[in-house]
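Let the hints inform the model, and build the full structure from the sequences given.
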Amino acid sequence: MSTSRKTENVGDVDPGVPPGNAGNPKGAPAPEQAPAPATPTSDSQPIEARSRAPKKGFRVTLEGLRAFYGSAEQVKGIDLEFKPNEVTAIIGPSGCGKSTMVRCINRMHEEIPGARAEGRVMLEDLDVYDPSVDVVAVRRAIGMVFQKPNPFPTMSIYDNVAAGLRLTGRRRGDLRPRVEQALRGAGLWNEVSGRLDEPGAGLSGGQQQRLCIARSLAVDPEVILMDEPCSALDPIATLKIEELISELKDSVTIVIVTHNMQQAARVADRTAFMLDGELVEVGATNDVFTKPSDPRTEEYVTGKFG
Amino acid sequence: MSSPSAAPDRLARFAVSPGRRRKDVIARTAIQVCTVIALIPLLLIVYYLLKKGLSSWSTSFFTTDPTGNTFFKASSIGGIKSALLGTIEIVAVASVISVPLGIGVAIWLVEYGKNSWFAQTVRFFVDVLTGVPSIVFGLFIYIVLIVGTGSSYAGYKGSLALTLLMLPVVIRSAEVVLLLVPGGLREAALALGAPRWKVIFRIVVPTALPGMVTGVLLAVARAAGETAPLLFTAGATLKTNFNLSQFMNSLPVQIYSDVTSPTPSVEQRAWGAALTLVVMILLLNLIARLAARRSRLA
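Residue numbers (the working numbering), protein chains in the order written: chain R, 1 to 306; chain Z, 1 to 298.
Read the hints as simulated data drawn from the structure, not as lab findings. All C-beta atoms, glycine included, are put in the ideal place defined by N, C-alpha and C. Any given hint could be a false lead.
[Unchecked claim] In silico BS3-like pairs for lysine-lysine, Cα to Cα no more than 27 Å straight-line:
(1) K240(R) to K56(R)
(2) K148(R) to K23(Z)
(3) K76(R) to K240(R)
(4) K52(Z) to K148(R)
(5) K198(Z) to K114(Z)
[Stated by the list, open to error] Some chain Z residues well away from chain R (every beta-carbon gap over 10 Å; in silico):
(6) R20
(7) V36
(8) L42
(9) S56
(10) F61
(11) D65
(12) L85
(13) S151
(14) I203
(15) T207
(16) L209
(17) S261
(18) R293
As structure tokens, then:
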């Protein structure tokens, strides 16, 4: 099982894919990937699900990102780097533009009528807003988990996980190993392995959210965006998701929007604080919470507002 | 009313006043009477249909064409075979045209048109069409395809009139259920990297399917019961006919011509045909309800 995953992995990020495979941004930044596996994060893989070839997440860099709804500017020029195989938490009060900013990264922002973005979002060396870039390929590389668990209601557990593969037309034939891999990756396999044919909507909220994570893992993304993934879940389900995030960062770059500062402190390597569409400060999570450089950050993390 | 252990004036306000109790009884009775009054005509229709129609049902009623021989021998007036098959043919053709077309329009409105001026214009005209009396559709086809071309009545012309009638119903009902599909599902699929057409056909439409089936069947049921659009498009005939370019009989038109007959046995046949039509539509409604029950929306 892990060998099959390894093989497929290599196929996906292999720098040697023919240039005819254009439109897939995973192919484009690959040359920059070559020296990468020497980073310190790749040697820490204690969990069984991760016992496979080290895979690197992509670096995501925002350069002067501005996002609008109609004429209202919700994100007002942000420069921010999300490092490979790190968890970056975005915190800030409601309406400060956290979700909007994250939705710009995989170009989901533009799905809202009247919404548009300016500036650049770099996926390694590729500007995802470049006119020549296929938005569909961007979204395959940058998975997303939403606030509310949203399994496809017409599909079984199995089909939900396989949906990403089928919808993107990347895999034919037996998807079962991939589905099992993804469910194991999302820590759900042991709970659902005996009832893969049951509807995904029949699971509990926390299981549904892990099913959604499995669904996005199945297409093997380099980056996963999580938009308040635990806000609809109870503390125990939240804990499971947080453990999962810590495991997943070995193979992907994770950006997590959260209202919950304890959660940011628990899962994130780095934390960014946003206020009114602007980035106030970003740094190592511990620093942001214990010795913030900006007084506004201090007021927020100590609960004086927000 | 008040408990002896507490100050009486503090708990007195929790007692239901006699005035409120009386108003409650009056209001309840009034709305129950309304319900019963509304039920009376419905039950009477079913009662008369069964009483008068059931007696004319027999195997030959469904397997023989009407003979038109109504004057001399009451026993040889024949059945409703041509009308039954004609209705099925005409409605089937109308459905084959209007259902894909209507669902296509609904998908465009919900997934692409959204609130653009063109989509709003389309919605406005669909609403107008929903309210157009059915005879106007028949008239339109009559003027364009019969007077306009100088040709005669034909089954397919009746189908086209029913298509016009069904189209707005199909569009509107499909649009409503497509709008019920949570936006989060579309987002989830798009965020997985699915192209939009796959999101529509693999996620949105399957989720909305039971509701769309219900809407379609209700449109079919409505079309099957229409007389006016068929009177001067498909015409009326005695013979069972599988050629859509010729006169074609239908149940509503058969009923219409039978009730105007002076011969009691022919009038009786109208009751049998009416019962048949109602049973057909009832079956369609039942299927629609079963489909709706399977719905995964709301």
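Hints, verified against the model:
Using a Cα cut-off of 27 Å, the hinted pair K240(R) and K56(R) holds, with the two alpha carbons roughly 23 Å apart. Proposed proximity of K148(R) and K23(Z) is contradicted: the alpha carbons are some 45 Å apart, above 27 Å. Of the supplied pair hints, the one linking K76(R) and K240(R) is violated, its CA atoms being roughly 34 Å apart against a limit of 27 Å. Proximity of K52(Z) to K148(R) is assessed by CA-CA distance (about 58 Å); at most 27 Å being required, the pair is judged violated.
For the hint pairing K198(Z) with K114(Z), the CA-to-CA distance comes to about 18 Å; that is within 27 Å, so the pair holds. Distance to chain R confirms R20(Z) as a non-interface residue, since its nearest Cβ pair spans about 41 Å, more than 10 Å. Residue-level check passed: V36(Z) sits 39 Å from the nearest beta carbon of chain R, beyond 10 Å. Residue-level check passed: L42(Z) sits 35 Å from the nearest beta carbon of chain R, beyond 10 Å.
The Cβ of S56(Z) lies farther than 10 Å from every Cβ of chain R, with a closest approach of about 45 Å, so its non-interface assignment holds. Here F61(Z) stays apart from chain R, with its beta-carbon at least about 43 Å from theirs, past the 10 Å limit. Annotated as non-interface, D65(Z) keeps its C-beta farther than 10 Å from every C-beta of chain R; the closest such distance is 45 Å. Remark: the non-interface label on L85(Z) is consistent with the geometry, its nearest Cβ contact in chain R lying 36 Å away (cut-off 10 Å).
A cut-off of 10 Å between C-beta atoms confirms that S151(Z) is not in contact with chain R; the least separation is 47 Å. With a minimum CB-CB distance of about 6 Å to chain R, I203(Z) fails to clear the 10 Å threshold, and the non-interface call is violated. T207(Z), annotated as away from the interface, has a beta carbon of chain R within 10 Å; the closest lies near 5 Å. A cut-off of 10 Å between C-beta atoms contradicts the statement that L209(Z) is not in contact with chain R; the least separation is 8 Å.
At roughly 52 Å from the closest C-beta of chain R, the C-beta of S261(Z) stays outside 10 Å, upholding its exclusion from the interface. Taking the minimum C-beta to C-beta distance to chain R, about 15 Å, the non-interface status of R293(Z) holds against the 10 Å cut.
The structure fails to meet hints 2, 3, 4, 14, 15, 16 from the earlier list, while all remaining hints are met.
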